[in-house]
Amino acid sequence: MEKLNLTYDEKLIKKKLLPCNSTARVSLKDAFFTSSAILFSILPFDDKPYELVLIHRTNRGSRHRGEISFPGGKFELGDGDLKNTALRETEEEIGVPRLKIEVLGCLHDFPTMTKYIIKPFVGRIPPNQKLIKEEREVQEILRVPIDFFVGKRNFKEQAFKINKGKFPVFYFNYKNPANKKIYTI
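Residue 66 in the numbering used here sits at position 61 of the sequence shown; the count goes up by one each step and never skips.
The set of hints was computed from the structure by calculation and includes no laboratory data. One should not assume that every hint holds.
Said to hold, decoys possible - With a straight-line Cα cutoff of 27 Å, these simulated DSS-like cross-link-like pairs (lysine-lysine) come out:
{"hint": "1", "residue 1": "K180", "residue 2": "K138"}
{"hint": "2", "residue 1": "K135", "residue 2": "K166"}
{"hint": "3", "residue 1": "K21", "residue 2": "K79"}
{"hint": "4", "residue 1": "K161", "residue 2": "K21"}
{"hint": "5", "residue 1": "K20", "residue 2": "K120"}
{"hint": "6", "residue 1": "K16", "residue 2": "K53"}
{"hint": "7", "residue 1": "K19", "residue 2": "K79"}
As the structure is a computational prediction, the values presented were derived from the model and not from experiment.
Based on the sequences and whatever the hints tell you, model everything.
Here it is as structure tokens:
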């Protein structure tokens, strides 16, 4: 089997994404769900696989406390649109100025069991950008190499019972080489 080249290839990534305003993109709306956005944050490199930036949320306040997630949050009226929500939240949570983020495209919206509809934006962050966590919301910033997610080696699946049904939950257990902690993503 041919080895995948996982160095950053912007043309290939953009080819796999949809324009955020595309009618081919699944865009969901529901009055009983909260609109939110995330930034699927990419740190590109020329000589090694690119990294995804995730955050480990603190155990304070939020409904999603303690979770591993991409930077993001719920829509606020001052945002104007969900792209600005993703950029604002990324700036707040990991300290990347919104003007330094290049949005490459979008993925399909998806609903969560906690009644959020998430619009995922995919964006490039400069590789030398300093990441600074927002202490009240972010316990730790994780930089996970994309090759960790490739193949079945790290992929897990478990069925959760909710009400009368079973729902599959897909996840990865990532061991951070810096501190040896294991995070469920």
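* To do: Please flag the earlier hints that this structure goes against, numbers listed from lowest up.
  => The structure breaks hints 2, 5; every other hint is satisfied.
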